[in-house]
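Those protein sequences? They're chains A and B, same order as listed.
If you count by our numbering, then the first sequence holds residues 1 to 544, one letter each, in order.
If you count by our numbering, then the second sequence holds residues 1 to 168, one letter each, in order.
In short, the hints are calculated from the structure, not lab data.
Every residue gets a Cβ at the ideal spot worked out from N, C-alpha and C, and that includes glycine.
Careful, some of the hints might be misleading.
Chain B regions said to be covered by chain A (calculated; three or more residues, Cβ under 8 Å) [claimed, not checked]:
1) 49-62
2) 96-102
3) 107-115
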Amino acid sequence: MPAPPAGVSAADFSAALRKFEAAVGEQWVFKSDEDAALYRDAYSPERDEPTERLASAAVAPINVEQLQQVVRIANEHKIPLYPISTGKNLGYGGSAPILSGSVVVDLKRMNRILSVDAGRCQAVVEPGVSYFDLYRYIQERNLEVWIDTPDPGWGSVVGNALDHGVGYTYGQYRDHFGSHCGMEVVLPNGELMRTGMAALANDASWADYKYGYGPYVAGLFGQANFGIVTKMGFWLLPRPEAYRRGTVSVPKRRDIVKLVEHVNYLENLGLIGMPGFRSPLGFAQAREPELRALVTKPGGPSDEELDRFAESKGLPSWSVELQFYGPEKTIAGSWDYVQQRIGSSIPGARFEEGAVYRFPLTAEQQAQVQRVHRLVDIGVPNMSIFAIAGGRTPQNPDSADGGQFYFAPMIPRTGEAILEANRVLGQAYRDAGLPYNQYFSAPACWHYRAFIMITSLPVSRLDPEINRRSRAAFQQIAKVAAEHGWGEYRSPPFGVDLVAGAYSFNDHALRRFCETLKDAVDPNGIIAAGRGGIWPKHLRGSRA
Amino acid sequence: MPNRREFLQTGAVVSAIALNGVLPANGAAIGAQPRVPLRWALYDDRYAEGRSFAAAAGAQGIATRALDGGDITRFWYDELDVLWRREPAAIAGLTQFGPMLVIEQLAAEARMHLTLRGEHRFARLATAVQAPGPSIIHYYTPLAVAHGHGASLDGPLYSWVVAPRERG
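Same shape as in the complex, but just chain A (with noise of 0.2 Å):
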């Protein structure tokens, strides 16, 4: 038997674990310590230690009436939950609970698809689906229609976008959480609702039509804990007649600031999909030794310095891949307006066009697709990117045994703020005792018209050490992006307060309003304590 969570009674523990069991069957309750660990964080870089956060317990409810049992049931004895989807959200808490000893509610089970429209471009689906499920569905009938996947896929539809995750093909469906449309949600008082159209007591639009009428509450249940949610509405992508790939690159370092003038200007008018910014120069650090000396000189280099090597090479200082979705004429005539534009704006600006494809894919084209680009900017799921793990670093020398977790923070959409955010972190990386790509740090686009200036921290289950160093280094950037008004947009569970503690505007306001709502709806505080920096009355004081 599990200890049960902090200021609950053993016999309070017992009492609701009884009645999981009656209300889910007693196989789908899990109690002891090899079934909890089931749910431990495999990225924790709090892994061992007395903090690591671990679940006392976990339910499974197979659909939303054993749910409301189980949410009443836990508002009867006290019992703090915590909802997960399939829980694969590694690097920022994966199926462990931020407050330990919460019983863990895994709606694996509650996995249908319960329908995808593809004329109107939409499905609606329960938490236990995955991005593999739902295009296993969409492929075996051969909808029309993209998914637009995190990369691995292997995470849930609804999760990942409750957690504001992200993807990789065109504009709006690269935000999940904002190309959803309607959700069903159980309350903590184990009451259902839902948002939108879905509101309606016949509703015919429940994935047209987001607002509904009145207050939008469905952001209240991404990165919150104002309820579980049941099913979600999303937008798909129509399958487009083709795809192009074209690369632009930038001879100067100062070359950044009107390319990414343009590249938004294309993003923002719909031409292009997620844009990919490099710097071919930053990887040729690795050959380089006059390169490494140059960045690793006291007071760093100029950028007339970092010019004349690039010359001296022939290597372009920054690069940016450009995606086109739509039919092969249209999207070739905007490859064509992208080299005007720029050619005419940046000298020395050169184009390289990139594969081409129409669709449906065959297999054997798939297959080739997979060699020489990254699936999942076709919206195809997959797990690639686990078969690049295996390398040791000079952070994490010792084993490849661990994993990571994200510091993630947003800037401004200029090339200015590139500049500026590699000169502030890279100090603050070097403060922190851990390197960073100081000059050549590109951010990623995955969010719609936002740039998110991520880095992965190592994660050892072997050495404590680099954990302790981690998460120490966490919350010395942060500060810093803060300082700057760079806060971030996801966070690993021990950093949440932090990073929620940055959004302080007129005396932490917004977080003030938060717990006003949590007060409210949650009195009992059984939902997911902590998360997105929201704690429930009792637990406010003091950290648990």
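With chain A's structure known, arrange chain B on it following the hints.
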């Protein structure tokens, strides 16, 4: 071509897994279970040790499956996901850490867990060097791979078995 020590290591793992279907009662084992038939032996064919493992497993009558350049996606999507939806069948493997992690995480959904896990650090890995570069996030593009920041063969291999849990 693996040296004799590496081959013996691989052989020992395979023997432990394949000959008896029973987990070795030593410190490397996680838990203990009665005889468990193995449906597949998964291996990374980029490594000589992986190919040796597959040959030995095959000789024991275990069906083998190679990863796609270290990538577990196709095996998972086409075969393992289909199998585990029907029944919780045990499998074994000799892979890098990533595929083992994937199996471990997906097995948990099917109420299965790692019952054997061994790490193998072969002599050729002792002098690993990687220069600081872009974060792992940016590694995964053809451009990054072309610049030497992609898939790495420099890491330990892991032998493992995943099997159904006995409810306590």
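Evaluated hints:
Coverage of the region 49-62 of chain B by chain A is violated in this model, with 0 residues showing a Cβ closer than 8 Å to a Cβ of that chain against a need of three. Beta-carbon proximity to chain A at under 8 Å applies to 6 residues in the region 96-102 of chain B; the threshold of 3 is reached and the given coverage holds. Three residues within the 8 Å Cβ limit are the bar, and the region 107-115 of chain B against chain A gives 4, so the coverage statement holds.
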